Amino acid sequence: MCFIMYLILFCFVLGLVAVASNPSPYFAALGLVVVAGMGCGVLVGHGGPFLSLVLFLIYLGGMLVVFAYSAALAAEPYPEAWGSWPVVVHMVVYMVGVVLAFVVFGGVWYESSWVSVDELGEFSVFRGDAGGVALMYSSGGWMLIISGWVLLLTLFVVLELTRGLSRGALRAV
Amino acid sequence: MNPYVLITLLFGLGLGTTITFTSSHWLLAWMGLEINTLAIIPLMTQHHHPRAVEATTKYFLTQATAAAMLLFASTTNAWLTGQWEIQQMTHPFPTTMIILALALKVGLAPMHSWLPEVLQGLSLTTGLILSTWQKLAPFALLLQIQPADPFILITLGLTSTLVGGWGGLNQTQLRKILAYSSIAHLGWMMLILQFSPTITLLTLITYLLMTTSTFLVFKLNKATNIATLAISWTKTPALTSLTPLILLSLGGLPPLTGFMPKWLILQELTKQDLSTLATLTALTALLSLFFYLRLSYAMALTLSPNNATGTTPWRLSSTQSNLPLALSTTTSILLLPLAPAAMALFTP
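The listed protein sequences derive, respectively, from chains A and B. Following this note's numbering, the numbering of the first sequence begins with 1 at its first residue and continues without gaps. Following this note's numbering, the numbering of the second sequence begins with 1001 at its first residue and continues without gaps.
These aren't lab readings, by the way, just hints derived from the structure by calculation. These figures come from a predicted structure and were not determined experimentally. Just to be clear, a hint being listed does not mean it is correct.
Stated by the list, open to error - Covered by chain B, per the in silico footprint, the following chain A stretches (three or more residues, Cβ under 8 Å):
#, segment
1, 134-147
2, 160-167
As the list claims (entries may be wrong) - Which chain A residues stay away from chain B? Per the calculated CB distances, all over 10 Å, these:
#, residue
3, Ala-81
4, Tyr-94
5, Thr-154
Think of the CB as a built atom: it goes at the ideal place given N, C-alpha and C, for glycine as much as any other residue.
Just chain B, with the same shape it has in the complex (with noise of 0.2 Å):
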C-alpha cells in the first residue's frame, strides 16, 4: 500500500480511539468509533482476493449496524433525558441499546457470529489490530455506562464464555481459535462490569496482551492452521518452547498472568453472592481451556513427523522485529505479582 495512505488510515485508528476515549458527548464518541470503522477497511483489503473482500464486508455491515444503533439510542436518550453526556444516562431503554449495540460491536455472545469468519479472512497482522485495537474504543464507552437491568451483562458475559469455549471446540484454523478465545475473554469482562470496572479494565489490559503475544508468535512461525503450527520447532525452537506458556496463560492457569483477571473476577463475583454465576463461568474456562491445550500439544509435547530438509529453517534469520513479541510475551507470562499494583492502577 502507498505508505502516505497507510499513514493516514493508521492516524485515522488512533484519532478515532482517542476521540471516543476523551469524548463526554455520544455524538463525539460514535464519530470516534466510525472513524476506526472506515479507517480500518482499507487495512482489511490490502491483500485483495476475495476471501479477504467478504470478511470486510461482513465487517463493515456488522459495525456500521452497530453504529446505528448506538446513534438511535444516543438520540432517544437525548428525546427522553434532554442531555447527550455518557456519564449520565438514567434511562433503562437507550442504556439496554447502548449496551447490546457495544455488545455488537465488540463481538460478543449471542451478536458473535462474524468474528470468527471476519478475522479467518484477515492477514495476522490485521487480525492483531482488530482483536486488540479495536475493542478498546468501545470498553472505553461500556465502563462510563450503568447498566439498568443486572441480567443484561450477565446474560452476555455467560453465554460468551460459553460460546467462546464451545465454539473453539472444533476448529483447526488458528484464526478462527483465537476468534473464540476473544469472545471467551470478552464475556469474562461483561461478567464483572457492574461490580467493578476496575477489574475489567485489567482483564482488557491482560487480554490484550497475551493476544498480541499469540498472534506474534503464529505470524513469526507463518502458521494460520495447527498443522504449520506443529513444525514450528524446525523455525523458532526457544520460541516454541516458551509458547505452551503464552497459550496456558490466555487460558487462565496459575501462576501466569492470565490467572490475574479470573482469579479477581471470581472472588468478586463471589463477594457479590453469586457463588453459581461463579462456578458455571470456571466451569466454561475449561472448555477453553482444552483448545489452548490442543495448541500446545502439536506446538511443543509432541514432535510432527518432517523430513530432514524441513528440520533446517531456525538456522535463517527472521526479518520480524523482535522487540514487540519479546516485551509482549514477558508481561503475558509474568506479570501476576504485579495483582496489587495492576489493581491500584486501573481504579477508574
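One chain only, chain A, in its complex shape (with noise of 0.2 Å):
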C-alpha cells in the first residue's frame, strides 16, 4: 500500500513538472489531468473517497473540460510540446529542484510515516470527509452562504475583464 502512494505521488510530481514546464495550455491540460488524478489516488488512500470523488467530477470533468474547450478555440499554429527546446530546459530544472528537495528534506522519511484521516476507521460511521462536508451544511453554514457569493463575485469579475472584445482589457478576445 506504501509502495503504490510512492507510485501515485511520484507520478503526481511528475505531472507538476509536465504543467510547470511552461508547454503549451493544451499539454499543460493533460500534466494537469494527471495531477489531479494522481491527488484523488492519494486522496482514497488516506481516508477520503467522497473528497476523491468531488474533486474528479468538478474539477476534471467540469472546470478541467470547460477550460480545454476554451483552449481549443484558442488554436496556435505551433504548439509547443514536451520536446520543444525551452520546455526541455525547464523540465531539467524543476527535475533538479525536486532532486535536491528529496536530498535536503527527505532524510527523515521511512514507509510508516503516512497516516490516514480517520483515526475510528471500522468503529465509525461517517468518515472523515464526509462528516466534514456535512459540517459545511450544519454549523458551517454562514461559510458555505459566502463560498456560494464569493463564487458569484468572482463570475462578475471574470466576465468583467472579458468584456468589450478587444476595446477592453484582453486585446487578444
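Join the two chains, each given in its own frame, into one complex according to the hints.
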C-alpha cells in the first residue's frame, strides 16, 4: 500500500513538472489531468473517498473540460509540446530542483510515516471527509453562503475583465 | 463601469476585509484576503489600457503566491499543532512562513519589487485603494501572531525602510514615489510589531491618513509626475501651499502628525535596548525625507515657468468632492497633540 502511494506521488510530481515547464495549454491540461488523478488516488488511500469523487467530477469533469474547450478555441499554429527546447530546459531545471529538495528534506521519511484521516476506521459510520462536508452544511452554514457569494463575485469579476472584445482589458479577445 | 458591478466589487472589498478582521480561523482569514484580491482586479483594469492590464497581472500573481503560501502555512500549522486558531500559533515554522506570506502581500522588502510597477499602472483612485484599504486585512493578521524569531521582523523592517528611502530617490513619477514611501512606512510598522502592536496600529492609521491626503491632492491636480506637480500652483493655489505640510508629515517632521509614530517607535526601541537599530532606522528616514522635500520644492517652494494662458485654471471649479481631502489633510497635519489619546485608543 505504501509502495502504491509512493508511485502515485511520484507520478503527481511528474505531472506537476509537466504543467510547470510551460508547454502549450493543451499539453499543460493533460499534465493537470494526471496531477488531479494522482491527487484523487492519494485522497482515496488516506481515507477521503468522497472528496476524491468530488474532485474528479467537478475539477476534472467540469472545470478542466471547459478549459480544454476554451483552449481549443484559441488554437495556435505551432504548439509547444514537451519535445521543444524551452520546455525541456524548464523540465530539467524543475527535476533537478525536486531531486535537490528530496536530498535536503527527505532524510526523515520512512515507510510508516503516512497516516490516514480518520482514526476510528471501522468503528464509525462517518468517514472524515463526509463528516466534514456534513459539518459544512450544518454548523458552517454561513461559510457556505459566503463561499457561494464569492463564486458569484468571481463570475462578475471574470465577466467584467473579458467585457468589450478587443476594446476591453484583453486585446486578444 | 456598470454601476451594479461597481457596487458588487466595492461590497466585495468591504466584505473581504471585514471577514479577515472578524475571523479567528485561518481558513476564514484566507478567504477574506482572497475576496479582496478578486474584487479589486476589475477595478484595476477599468481603464482598459495595456499598462493597467500588466499591473493587474503582476498584482494577481504576487497576491496569489502570497495567499498560497498563507494557506500552506495554515495547513502546516493545523497538521503540527492540531488547531486553526489565529492567536494560538506556537510552532515557529508556520509562524515564520505566515509572516513572510503577509509581507509579500503587503509589499515589504525584500518582497517589494511588484509594488512600484503595479502602482504605476493604475489610476490615482485605484492606487489609493490599493495603498490604503488593501493593507488593513494583512495587518489585522500580523497584529495577532507572535513571531518565533525576533530577528525576522526587524530584518523586514530595516530592509524596508532602507529600500523605501533609497529606491524613491531616483523617481520622477509620483505613483512610484508613493509606492516607495509605502514600503518605508510599512518597514517602520514592522520594526515595532513585536514590542508594541499599539504603535504599529497607530503608525498604520496615521500612514493611511497621510497617504490618502497625498493621493487626493495629486488626483485634484491631475498630477502623475513632478513636472505636472510643478504647475499645480495654477490650479489650486491654497492647496498647493498646504501640500508641503502633508509631505513633511509623511517625512516625519515635528510638529506634524507623521512625527508621532516615528517618535513613539524610536522611544520604544530605545526602551527595549535597541538604540543602534533606532539610530539606523532614523538615518534611513532621512532618505525618504529627501524625496518628500524634493516634491515640496517642485510644488510650492519654486514657481515653474509657464505661459500666461497656463496661469488661469484656478478660476474654474473642480468636480472632485473636497470633503475627504479636507478631512484627511487636517488629520495628517494636526493630530500630534492627540498622541496620548491615540495610544489609549489603539491598545488592543
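Cross-check of the supplied hints:
1. 134-147: holds (count 3)
2. 160-167: Holds, because 4 residues of the segment 160-167 of chain A bring their Cβ atoms closer than 8 Å to Cβ atoms of chain B.
3. Ala-81: About 25 Å separates Ala-81(A) from the closest Cβ of chain B, which puts it past 10 Å; holds.
4. Tyr-94: holds, 17 Å
5. Thr-154: Thr-154(A) not clear of chain B: closest Cβ-Cβ about 6 Å, inside 10 Å.
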